[in-house]
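Since chain A is already given, all that's left is putting chain B on it; use the hints.
Sequences listed follow chains A and B, in order.
My numbering numbers the first residue of the first sequence as 1 and each following residue consecutively.
My numbering numbers the first residue of the second sequence as 198 and each following residue consecutively.
Bear in mind the hints are in silico, worked out from the structure with no lab data behind them.
Be aware that one or more of the hints could be misleading.
[As the list claims (entries may be wrong)] Chain A residues, not near chain B, derived (Cβ > 10 Å throughout):
#1 13
#2 15
#3 40
#4 42
#5 52
#6 56
#7 81
#8 115
#9 118
#10 138
#11 151
#12 168
#13 196
[Claimed, not checked] Chain A stretches covered by chain B per the calculated footprint, using a threshold of three residues with CB under 8 Å from any CB of chain B:
#14 92-106
#15 153-159
For each residue, glycine too, the CB sits at the ideal point set by N, CA and C.
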Amino acid sequence: MMKTAEMLEIFKQHRGDAVVIPGRGGRFWVELSDQPDRDLPLGDPAMGGHASFALGLALSMPEQRVVLFDSEGDVLMGMGALPTIAEKAPSNLYHFMLDNGVYATTGGQPVPNAEQMEYEVVAKGCGYPATYAIDNLEDFASQIEEIRGQPGPLFVALKIAPEITNEPINARPQWQRKTRNQAVADMQAELGIQPTA
Amino acid sequence: MAELSPATVLEQLKKNGATHVVWLPDSETNFLYVLMSEDDSLDLVPVSREGHAFSTAAGLAAGGKKPVILIQNTGMMESGDSLRGWALGMNVPVVMMVGYRGWTRHGVITDTAAFYTERFLHAFNINYYLVESDEDADRISIAFEEAQRNKKPVAVLVGDEYHGFNVSR
Numbered sequence: 001m002m003k004t005a006e007m008l009e010i011f012k013q014h015r016g017d018a019v020v021i022p023g024r025g026g027r028f029w030v031e032l033s034d035q036p037d038r039d040l041p042l043g044d045p046a047m048g049g050h051a052s053f054a055l056g057l058a059l060s061m062p063e064q065r066v067v068l069f070d071s072e073g074d075v076l077m078g079m080g081a082l083p084t085i086a087e088k089a090p091s092n093l094y095h096f097m098l099d100n101g102v103y104a105t106t107g108g109q110p111v112p113n114a115e116q117m118e119y120e121v122v123a124k125g126c127g128y129p130a131t132y133a134i135d136n137l138e139d140f141a142s143q144i145e146e147i148r149g150q151p152g153p154l155f156v157a158l159k160i161a162p163e164i165t166n167e168p169i170n171a172r173p174q175w176q177r178k179t180r181n182q183a184v185a186d187m188q189a190e191l192g193i194q195p196t197a
Numbered sequence: 198m199a200e201l202s203p204a205t206v207l208e209q210l211k212k213n214g215a216t217h218v219v220w221l222p223d224s225e226t227n228f229l230y231v232l233m234s235e236d237d238s239l240d241l242v243p244v245s246r247e248g249h250a251f252s253t254a255a256g257l258a259a260g261g262k263k264p265v266i267l268i269q270n271t272g273m274m275e276s277g278d279s280l281r282g283w284a285l286g287m288n289v290p291v292v293m294m295v296g297y298r299g300w301t302r303h304g305v306i307t308d309t310a311a312f313y314t315e316r317f318l319h320a321f322n323i324n325y326y327l328v329e330s331d332e333d334a335d336r337i338s339i340a341f342e343e344a345q346r347n348k349k350p351v352a353v354l355v356g357d358e359y360h361g362f363n364v365s366r
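Extracted from the complex, chain A is given alone in its bound form (with noise of 0.2 Å):
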């Protein structure tokens, strides 16, 4: 297993000028960018749609690789979304998830069947044309420039250590530095997007 701060370290060597959706990574990933224009941090707009918004990001623009570090427990919530992901084949987009096997920010209750779990199985089913499933740091060094090389869309299950917190939304430490419709607009005005007329 991997801390997910650790992961996104060595991630971020292989970056590129990639836009990033850090998911429930996002607390980690501030910490670490060097490019917060390219940086979409939302935080959880609504459990279970990061992929499906990745998706309508990356058809949007073909020519800009596009990210996601989902999670599993948006995975099993959204899992409809892979299929559609699939068919439409964006060749930028590159689909990662962590799974920690657990809901961590709830105080760590299993997700639905979390030991048998084969998530990229899942992902290669619904039409992925590659998946991978890594659970090691040293793996993932090795591994990230020849995913990073290969067309998408697709699918990386990186098995990561539960960070388990339990606190109520509000008393939540705040990581975010912008709002979510700041975070769009600095990528749009970084990447010459005009919002939509």
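What follows is chain B alone, placed relative to chain A:
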């Protein structure tokens, strides 16, 4: 009453610059699907659960595109949290065309899908326009303009659940 033709709906989508149709078919929209499939100016994004339509639309809008959501009222109601967090929460100026299953202006509405539809939209403070025939089609443009102006979703309730689509061609 005149029917609402799929060609009229497609014309409205194109007139208002829609780039993507994020959709899950309901029982009577097949003619619209056929027309959209044949039109290179629209990219169809099929979803398997209506809640995904809102997060997909949010991503498309973030990237500067102009999505339209095409779903049924049943699925819209199932999508409440996605509508809240992804569309309302991120100020997505999207028109959601909603098949109004169970709607009738004659007698009593007996389908609970229709009974709760407008109540649901009221709860989310989303404005809506009822479109039942080609004569109402300009209301679709009004919805597009309002969504853009207010930077939030606006619903178009397609009365009679596209009834005309299956009998007019």
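Right, here's what the structure says about each hint:
no.	hint	verdict
1	13	26 Å, holds
2	15	19 Å, holds
3	40	7 Å, violated
4	42	8 Å, violated
5	52	4 Å, violated
6	56	2 Å, violated
7	81	5 Å, violated
8	115	26 Å, holds
9	118	21 Å, holds
10	138	33 Å, holds
11	151	19 Å, holds
12	168	19 Å, holds
13	196	5 Å, violated
14	92-106	violated (count 0)
15	153-159	violated (count 0)
Hints 3, 4, 5, 6, 7, 13, 14 and 15 from the list above are not met by this structure, while the remaining hints are.
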